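Let the hints inform the model, and build the full structure from the sequences given.
There are 2 protein chains.
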Amino acid sequence: MGTEFLKIKECDEATEIIQKLFDEKLNQQSEEILVTESYGRILFEDVYSKMDFPPFDKALKDGFAILAEDSFGASEESPKTLDVIDFLEAGATTDKKVEKGKCIEISTGAAMPEGAESVVMVEYAEKSDGKVNLLTTATPTQDVARKGSDIEEGKLILKKGDFLNPGKIGVLLSQGFETIEVYKKPILGVISSGNEISLQGEGLTYGKIYDVNGGMIKNAAISCGADAHFLGIMRDNYDEVKHKITDALKEADIIICSGGTSAGLGDVLNSVLEELGEVYIHGISVQPGKPTIIGVIEDKLVIGLPGNPVSALMIFNAFIAEPLTKLAGIDKDFELDTVKGKMTRRIHSPVGRMQYQLVKVDGKDIHPIFKDSGAIFSLSTADGYVKVPKSVELLDEGEEVEVYLFN
Amino acid sequence: MGTEFLKIKECDEATEIIQKLFDEKLNQQSEEILVTESYGRILFEDVYSKMDFPPFDKALKDGFAILAEDSFGASEESPKTLDVIDFLEAGATTDKKVEKGKCIEISTGAAMPEGAESVVMVEYAEKSDGKVNLLTTATPTQDVARKGSDIEEGKLILKKGDFLNPGKIGVLLSQGFETIEVYKKPILGVISSGNEISLQGEGLTYGKIYDVNGGMIKNAAISCGADAHFLGIMRDNYDEVKHKITDALKEADIIICSGGTSAGLGDVLNSVLEELGEVYIHGISVQPGKPTIIGVIEDKLVIGLPGNPVSALMIFNAFIAEPLTKLAGIDKDFELDTVKGKMTRRIHSPVGRMQYQLVKVDGKDIHPIFKDSGAIFSLSTADGYVKVPKSVELLDEGEEVEVYLFN
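Which chain is which? The protein sequence lines are C and V, in order.
Take the first sequence: its position 233, counting from 1, is numbered 233 in UniProt numbering, and each next residue is one higher.
Take the second sequence: its position 66, counting from 1, is numbered 66 in UniProt numbering, and each next residue is one higher.
Certain hints may be false.
Examples of chain C residues lying across from chain V (beta carbon under 7 Å, computed) [to be verified]: (1) L156; (2) I157; (3) L158; (4) G167; (5) V171; (6) S223; (7) Y280; (8) S380.
Straight-line Cα separation of at most 35 Å, DSBU-like style, residue types lysine-lysine; simulated pairs [what the hints assert, rightly or not]: (9) C/K364 to V/K159; (10) V/K326 to C/K364; (11) V/K360 to C/K160; (12) V/K332 to C/K360; (13) C/K340 to V/K159; (14) V/K159 to C/K61; (15) V/K360 to C/K80.
Derived by calculation from the structure, the hints in this document are not laboratory data.
Predicted model only: the values in this text are computed from it and were never measured.
Positions of the beta carbon are idealized from the N, C-alpha and C atoms, including for glycine.
In structure tokens, the structure reads:
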């Protein structure tokens, strides 16, 4: 009892311990995936260009590839005439060479033939019978993108931590990358607990309710960039909890259990963790959600959330979402996901514990949602929550508050 | 030539035509998916509660289920004594009944036994030898959540268009929903065109470049909520384009082609569309990206983007992303995805065409990215683009502009 009491933590302390456990026990890992399947993933490495781009001097317009000096002085009034010795489409090559008095007709995107310096656009040329009249003077390199002018080989083009959006995917593809190293999604197993819960699709006998936490916390973890799996339901007895967690540890880096009464799973999970590993937090001084357990087994995290779905999601959002998102390599500023507004009604809060008050945001109006903490339907209307510090007994109507938004 | 000229559209007109084609030719469709796999999907139907929640009168605390009047007058000084006739865990039921002078020990989450009205918390009771001393007076319904108090059967709980976040998924699970109707992702096929392009993994012979648009536009469509597939490369000849598009139409609702020189694919695609369907737009008065084609075959959309990847992505973002996102059921306010700031350098713009200028955003500083339009590496640094209206020749340093952000 004494030890357990010592493991009840204030919110700030709990936040710090959990972040530290994530940092010390769990490694950011990488995996190689196809670039074409990489939308939304996070680069695990700096990426350098493998080749000059464009990889050759490239015509930027449809026209005639010439020696620049062959056009000097040309105008509509006094055109210069050249022999057209070949036609070069994009993707094609020629062994003919551009020399004084000769040119090659060329398409946008084609590699400039040997000798040629400039392109005279088709709009400034008149072609007939194997000859062309140039109607304008071209500067050297006009309408030519020089080899490596966009990027040279060996340059840093993307950085570790970059979010792979379509543009960055395009950059990788242009360099011929078929695969790329991205952050591996942390593997997370979710287990629900409690004699009263049934799975959807099973009949619901009297006294039972459907399991919510399994599917909900799994999806909350997915929203943080994890590869999360629901591993089913266990009963709150020592052997079953030990067996289920030992099994889950073979697959997952992080296990999140929830449910049972606060006395039930909490105590059993605590004992199992003490046998197999170490308990770091047993209770957080917060309402709702006090019965939260954080432990470590073989450098993997085992988290016990309250069974009440509203409390479980609040604790997940307030304490687990940020370190999990960081572990997934996502550089998200959680501080930015807040909005400010004014309370539309007064709320009372228990002194001595941090309270998380669910609210609905309507412009600058912050409406508190009053429901007992088991009221799952508050989750369909809540936009986020307000933190009421443990020393504050009352938030008055009209008081300015900061809302931590869900998602 | 006359007809084609008529089909060159100003930006606003093109936006309107494309939205109208999406609205008229393509239907928002639904599919049934597992609730546990539904994170990020969009509800296709209003959802009503299937049952009262809680589905029974539920104990909110561990304690003793009693008739309220049996506790009236009880205090620490003068406890009231009752017989404990049973113990009820969450999920269990009993056929015993609470009557005057009798109570049932009960766990949080258990269904209240017949006859019982209130729960006296275990903290306010002393149990010994089949009896309990109540140390406090309970009001009727104290620490009991009444059947249906959270939500009654038949109430609207979620709305068509709702984004399925973890909380809303929790609400669906609590009602026993195994599956749910969500917006079906529009099926989109992406085809690249051009003799000069090679696939990643193939060797790159002289004069060739890697295909960028296939993987990039596919992922841009995925970012808009589509189920997008890259269907490979075609050459710019009539038979191959006709064959490839006819094939793709069997699977996809929308086909996006790109590539070839502006004269190449544009003309071929135009002819194929005129044979099999109808061309609505052939050219948009915008830089970059003029050679854009929008047509319809059998109520499916066929879109031809410029081959230049920067132009292709710009046209996609400026004209296709918004109607595609709406088709996917996503209620996104594209106007919100803008930021304002000041140009850090002067830019010139061609008169007579809308120009999209790529920029990098650094706080309130908007840096124009100067590169020829073939410069794919601008896509790794660009945050978005500024629209320079066709009548404007110059945006001066320090001028305030609005940036349309990528993603």
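Here's how the hints hold up against the structure:
For C/L156, the interface hint is violated, the least distance from its beta-carbon to any beta-carbon of chain V being 10 Å, above 7 Å. Using the Cβ-Cβ criterion of 7 Å, the hint placing C/I157 at the interface with chain V is satisfied: the shortest such distance is roughly 6 Å. A least Cβ separation of about 6 Å between C/L158 and chain V falls short of the 7 Å threshold, and the interface hint therefore holds. At about 4 Å, the closest approach between the beta carbon of C/G167 and any beta carbon in chain V falls short of 7 Å, and the interface hint on this residue holds.
Interface restraint check for C/V171: the shortest CB-CB distance to chain V comes to about 4 Å, inside 7 Å, so the restraint holds. Against a cut-off of 7 Å between C-beta atoms, the interface hint on C/S223 holds, since the closest Cβ of chain V lies about 6 Å away. At its closest, the beta carbon of C/Y280 sits 25 Å from a beta carbon of chain V; the interface hint therefore is violated under the 7 Å criterion. Evaluation of the C/S380 hint against chain V yields a held restraint, the C-beta minimum of about 4 Å falling below 7 Å.
For the hint pairing C/K364 with V/K159, the CA-to-CA distance comes to about 23 Å; that is within 35 Å, so the pair holds. Note on V/K326 and C/K364: the hinted pairing holds, with a Cα-Cα distance of about 27 Å set against a maximum of 35 Å. Only pairs whose Cα atoms come within 35 Å are accepted, and V/K360 paired with C/K160 is accepted, the gap being roughly 19 Å. Restraint check for V/K332 and C/K360: the C-alpha separation of about 20 Å stays at or below 35 Å, so the hint holds.
As the CA atoms of C/K340 and V/K159 are separated by approximately 26 Å, the hinted pair is consistent with the 35 Å bound. Using a Cα cut-off of 35 Å, the hinted pair V/K159 and C/K61 is violated, with the two alpha carbons roughly 52 Å apart. Restraint check for V/K360 and C/K80: not satisfied, since their Cα atoms lie roughly 43 Å apart, outside the 35 Å limit.
In this structure, the earlier hints numbered 1, 7, 14 and 15 are contradicted, and the remaining ones agree with it.
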